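Colleague: Each chain, letter by letter, is given below.
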Amino acid sequence: MLLIRCPYCEEERPELEFRNAGEAHVVRSANMAATSDEDFEKYFFIRSNPKGVIYERWRHIHGCARFFNAVRDTVTDKFVMTYKAGEPKPKKLPGVAK
Amino acid sequence: MAKGAVKSAPAGVERRPALAGREATGKSVKVEPLGPAERVSLRASAESVASLSRALGLTLPQKPKTSAAKGSRIALWLGPDEWLVFDEEGKDLLGDCAKAKQLHSAVGISHRNVAISVSGPAAEACVNAGCPQDLSLAAFPVGACSRTVLGKAEIILYRPAEDAFRVECWRSFSDYVFTFLSEAARDAAA
Amino acid sequence: MAASYRISGAGRFSHAKVAKFSFDGRPYAGIEGDTLASALLANGVHLAGRSFKYHRPRGILSAGAEEPNALVEIRRDAARRTPNVRATVQELYDGLEAASQNRWPSLSFDVGAVNDAFSPLFSAGFYYKTFMWPKTAWKSLYEPKIRAAAGLGVAPDQPDPDHYAARFAHCEVLVLGGGAAGLAAALAAAETGVRVIVVDEQADFGGALRFEAGARIDGQDGWTWAQGVVARLKAMDNVRVLNRTTAFGYYAQNFIGLVERVSDHLAAPGRDLPRERLWQIRAKKVVLATGAIERHMVFADNDRPGIMLVSAARTYLNHYGVAVGRNVGIYTANDSAYAAALDLKKAGVNVAAIVDLRDNPSGELVDQARAANIEIHDGRAVVRVGGKLRVNSMTVQKRTGGGERTLPIDALLMSAGWTPSVHLFSQSRGKVAFNDEVKRFLPGTYAQDCVSVGACNGTDGLAASVDEAYAAGAKAAKEAGGKAAKSAKPKVEASEGWSRGMLGAAPGAGPGTTVKAFVDFQNDVTAKDIRQAVHEGMRSIEHVKRFTTNGMATDQGKTSNMHGLAIAAEELGKPIPQVGLTTFRAPYTPVTFGSIANHARGALFDPTRRTTTHGWAEKHGAVFEDVGQWKRAWYFAKAGEDMHAAVNRECVTVRKTAGLFDASTLGKIEVVGPDAATFMELMYTNPWQKLAPGRCRYGLMLREDGFIYDDGVVGRLAEDRFHVTTTTGGAARVMNQMEDYLQTEFPQLKVWLTSISEQWAVVAVQGPNSRKIIEPLVEGIDLSDEAFPHMSVREGKICGVPTRLFRMSFSGERGFEVNVPADYGEAVWEALWAEGQKHGACAYGTETMHVLRAEKGYIIVGQDTDGTVTVNDAGIDWAIGKKKADFVGMRGMMRPDLVAPGRKQLVGLKTKDPNVVLEEGAQIVADPSQPIPMKMIGHVTSSYWSENCGRSIALGLVAGGREKMGQTLYVPMPDRVIEVEVSGTVFFDEKGERLNG
Amino acid sequence: MKKYSVFAIAREAMRGHKGWEEQWRSPEPKKEYDVVIVGAGGHGLGTAYYLAKEHGITNVAVVEKGWLGGGNTGRNTTIIRSNYLYDESAGIYDHAVKLWDGLSQDLNYNVMYSPRGVMMLAHNVHDVQVFKRHIHANRLNGVDNEWLTPEQAKEFCPPLNISKNARYPVMGAALQRRGGTARHDAVAWGYARAANARGVDIIQNCEVTAVRRDASGAVTGVETTKGFIGAKKVGVVAAGNTSVIMDMAGVRMPLESYPLQALVSEPVKPVVPCVVMSNTVHAYISQSDKGELVIGAGTDQYISYSQTGGLHILEHTLDAICEMFPMFTRMKMLRSWGGIVDVTPDRSPILAKTPVKGLYVNCGWGTGGFKATPGSANVFAHTIARDEPHPINAPFTLERFRTGRLIDEAAAAAVAH
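As given, the protein sequences belong to chains E, D, R and U, one line each in that order. Oh and the first sequence: position 23 is 23 in the UniProt record's numbering, straight run, nothing missing. Oh and the second sequence: position 145 is 145 in the UniProt record's numbering, straight run, nothing missing. Oh and the third sequence: position 643 is 643 in the UniProt record's numbering, straight run, nothing missing. Oh and the fourth sequence: position 132 is 132 in the UniProt record's numbering, straight run, nothing missing.
Mixed in with the good hints, there may be bad ones.
[As the list claims (entries may be wrong)] Simulated restraints on C-beta separations:
id	chain 1	residue 1	chain 2	residue 2	range
1	D	E162	U	A410	46 to 56 Å
2	E	K78	R	N243	28 to 38 Å
3	R	L749	E	G22	37 to 47 Å
4	D	E162	R	G193	17 to 27 Å
5	R	Q930	U	R198	38 to 48 Å
6	R	A78	U	A410	54 to 64 Å
Read the hints as simulated data drawn from the structure, not as lab findings. Owing to the predicted nature of the structure, the values given are computational and were not obtained by experimental measurement. Ideal Cβ positions, reconstructed from N, Cα and C, are used throughout, including at glycine.
Turn these sequences into a full structure, and let the hints steer you where they fit.
Modeller: This is the structure in structure tokens:
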């Protein structure tokens, strides 16, 4: 069971309080009507599924109920950092090469 | 909106609480239902907190996992824009919230939640039978509160005293939560 | 009964406290503190079990958790039978009943032992190469025989009366292992004031000090010191000391799973005591002090009863006061065996000889042994043993061959050296590294915040281990926020040196030999099996393991893995690290299902959610159905009624007069804020801006991919306040989808969502007389059609309590849904019931609700739709706000295949024979005479007998269905083909006049 | 290839089993192959076997970063069934079941296919509706699947708890008698040995580090830890690692990889005679020939390549097992492990050509890939050999996620309403 730092509760909490919500920074078009089938496929179905650093969404559903983002290594399952929903994708990651 | 739900209505039908008559005691922990209370789920952004605090007569806590109490009235921080406010004397919380002019959402949930008291030297062990949080006084001091889980149910946990917890859950989960705590009390006491 | 092997003056338990027990029905006596194994040995019993494949007689190999042979069934009563219990771990209690396993008719005479004679046929992987002819024989003939022969114990056959508990715990320092090293680490950490938990799998702390008689610490013998430390630790309130507790799994982020055996050792456990307790501990720092496990020697017939590990025999002598024989041989490749020989000699046991593989071994212990006139045959090997059910001789030969000499013995102790227990370290995903000098895998790269100390870290000698552990404990505690430790670290004055030992097959069992030299005892894997696997092309150690099953028995290879690896490496001509080590998987030792499931049994398996009228419904004959976690009244059977009769009565009654239905389980969400309407427009297909306060509208929600997700009636209470209802099953996920979009896609919107599903109990009052029923109870709401038309909502009072009163209908009749605060739910229901009785109203359940809505062609999301159905498929395009620029699912539903012709569309189905009721899920075809596989063009989604229509009615999804109106289609059943006519979806009151009737 | 038989065993028994030959060689890679298969699991080895056997393409290499059969093939609970709802799914899974029956003889390797019956439990009215829909559709598709009452279900599996007082009482079951289990290692080894005998090179400990393409964009081979290996065609059968490999070729996939755990109990005498599945309480159990209860757990909720999962997942699995079989609380978990399952948005596989010439992909089997092994390998070999899908896998395209032509078995099971 993972230990996840909720950026709103400002502390680590057991995974049982959280629900993973899939890849982060997948942008929903402001103009859905004009989106092409290809772009809709990219938006709704295509996923990076990386072996290594992933940017993902979690919801502290049984805690503060907020959605937030996390950076995690999918090989070690170690969290690099978490940050609030809406905040930009971090440029530099603490303690991660390249 | 559900107002004055606690006061039994004139010529009205009687109120039938979910856990009426249940009780469980272990050697060093007691699990018992708490009486009805007036409850409001309060939602508001930071700029409205001041006026809501004035309207409610207590300062809404803004630090995670903290609470504020004034008389019979207690406000629990549940999220950055969410509080559970309850009043065990049934004073009209929705009415008070309405006095705040700043933008907010106040929804009556007096009947949605059921409260259970877990008290005694083994209270912490009892709750930890199903709650994965660190409940030591260092990590979860008196006055601390949090939404979390107990076994397969979601609960709101509040610590009014060193050896006591208030466990709130949705009405239809109260049978499960009470039964779970009763069985846990048996072990925590053993 | 065998004469007692109990040595007076030896051991740590009073001989006065006798515990009676039985083994295979035969009565014996042991003493309190014994394990079943020590008690059996005290009675001269070595033969304890039979092996898995060859059914060879087996004795007790070890004195701990690594035991592969002595597995028995422990029986408290008929419902408390536990198979595969290690006799070396099971503590004795008065009245214990044990039985041997996997033998017939008896342990000493087992027919299955013929397998041993045919063993050449049963070589590694033999079953992959045969049993293939004839094709059907595998399932009908071979497999049943193999299955019957396999398996060890017999599974329990009755529900378990015992209960299991669980506890989450947190600490700064968790010490796994309570030997000298673990205790030293715990002591150092504890004195800094941080929270410390120290655990050990044994009943008593002390680890190797149980047998290591030579150890002296702080002026006491090792064992006494250990007990003193435990007492000190127990006295500190920042320390938790857990004995009989096994750390079985090391999970991510220092999360450790442990099982505490609470009452298996008690003669009469109290009612409140759980059998076991699962501990899930999150630790800042973990100190691994898991020790080392002695390896056996791999030589011909090394599995005979009476042959055991040196450390085991020493434990039985020094801890339990039991001699494992009277004339004992010793076969070793390292020094630790010499100390055992000396202990035995001191206790008056004759040591026939020490056979040492090494040429002229030296050292203090060796000298002492010589001084004690113990025969030492160095540079020699044991190449053969005599005796079947009990070893009675050993044959010794120079390592290099030559003359043999046979010595009579009644027990043989062996030691090939010690394997560090890196199981938990490896589970933590740390990488072990092979130390070629000491021929051991040791902790290498750490993946988590833990440290290994003592024997499991390859640290030899008590003094070095204690120093290392004490320092590590202090460091861990300091880093976790503790103060500097005050007390002085324990001082080791005397200890025994342990040297290297050897890996792999001993002389006489090497390449080319055909003897049965066992590597894995329980699975009957011999050295030659492993060589054969390599020979057949298995180059990865994982292949060797799976092909031979080496290390896959209940002991998970604790004694066999290193030997197996060394033999494979030798055969491959590769260095050991290149061959690699099989992964260590949780659990460290087997863990009961009960302890993992713990509280989640019976009523606590899953929450049972009941509505406020559940009790009333029970009293009135309700039969309930499970809908998600909810129990819902399915139908109300009167005396003598079956479901069919009850539902027919309910359906007719509702349309004739009225009925009461508990709709409380529907999800309810209060949407509040100035942007509430804007948000609703994005979440639902429908338009909301123009909906006037006080009015309601049917809302339809899609998934982003354009398929129907949920629906429900929404009431607008005020400009900035909506009361949204969802399906029962959809409540949680609709709330989650709304929060997701609100928080992450439309955070600018000023609106908040609150679940009020359980704030309001809901009583649906439906039928021509519904208004008459509620009227006398309602205050402050004008119920006239003018003031309160269909699809409206008002707030007021009913029975003197607050209500949100909806004028709506899911039956097609005039109807109301009375929302009241939940604690009033049952009382208000009773009041409505009393009024209803005046009009002959009934209570009805979900089945009648389904029939009534089907008569009207109202869909049920999840039954008439299934996650692959679009708005158009369902024929409810009217629910889409045509002018809207965006809503969830708008783009998805425009994708090519979702607008392609020929999609399945929801239609009505009328059987040609009105009395035939279709089966829900039945498939529809155009041509019933086509051969299988048939082209299916649709299926029946809902089907009922409609008493109100006097015929069966059904809804179905049919390809191009709306173009097939009036056409005849076919529903092929196993016994017949049913003709159906495609119709509209409304079967009753097509004009909808009854809504105001 | 020396034939396996009881006589061969008798012969070898007399000479200490020294005459057995290697089941497969461990060759160094050649410069180039007609086809390189990435991934030596059951699907990949099977693909190589059928390429050689049915399409005469023997210049084939199967490259594997670890040891053959070490991925999901060697980590799954070996459930075999084909009673799927949609024609497309029933088509491919039943093709597999037909091949399972007779695979031992075809490979001359006992894969222990045991059609002991797979029983899926219905716990509520909604389950009953869904299962009946499956049963009717299966019948008209020629796939066996029958309805059992709770009593019949208990008769078929005596230890099953059908008490009305259970939290979720059993209301009936769907039984596919041809369903069952097989010995997972034997499937990988059997295909490996048979493919090897037909000239296929199986190259273990050889990790693909890049997919090379020419100017036209067509595949020319793969870079590996053992150097460059040329190939006219490359078939990716890498399960949980598919996204990683396809990424090397510039193809982004609609896949997510999750940890899936399973466990076995200590061995006991025969007690569970069939496979029992319950989607409602999330429990999957059978008993191996060795006597171990083989239990499938659920996936963790997050993407991971760690091959480990959380303890709470096992808790949910075992409390469900104890609910269905209350006498098993005293049984002991002997071993637990994790695999990596690649899941598509509609939980159906992708077996198809890709936008890249010469690159083919077989993935997305989620938690159910083992049962499809022979069928999947068989039609994938056809797809690679002919450069066009077999009719059976034609629907399992990559494009379906753009057009919306999904094959959504899970959605069709819908949800409690």
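Colleague: Now tell me, hint by hint, if it's right for this structure.
Modeller: Going through the hints against the structure:
1. Between E162 of chain D and A410 of chain U the beta carbon distance is about 48 Å. The supplied range of 46 to 56 Å therefore holds.
2. Separated by about 33 Å at the C-beta atoms, K78 of chain E and N243 of chain R satisfy the suggested range of 28 to 38 Å.
3. Under the hint 37 to 47 Å, the C-beta atoms of L749 of chain R and G22 of chain E, about 22 Å apart, miss the expected range.
4. Between E162 of chain D and G193 of chain R the beta carbon distance is about 19 Å. The supplied range of 17 to 27 Å therefore holds.
5. Under the hint 38 to 48 Å, the C-beta atoms of Q930 of chain R and R198 of chain U, about 40 Å apart, fit the expected range.
6. At about 43 Å, the beta-carbon gap between A78 of chain R and A410 of chain U misses the expected band of 54 to 64 Å.
Comparing the model with each numbered hint stated earlier shows that hints 3 and 6 do not hold.
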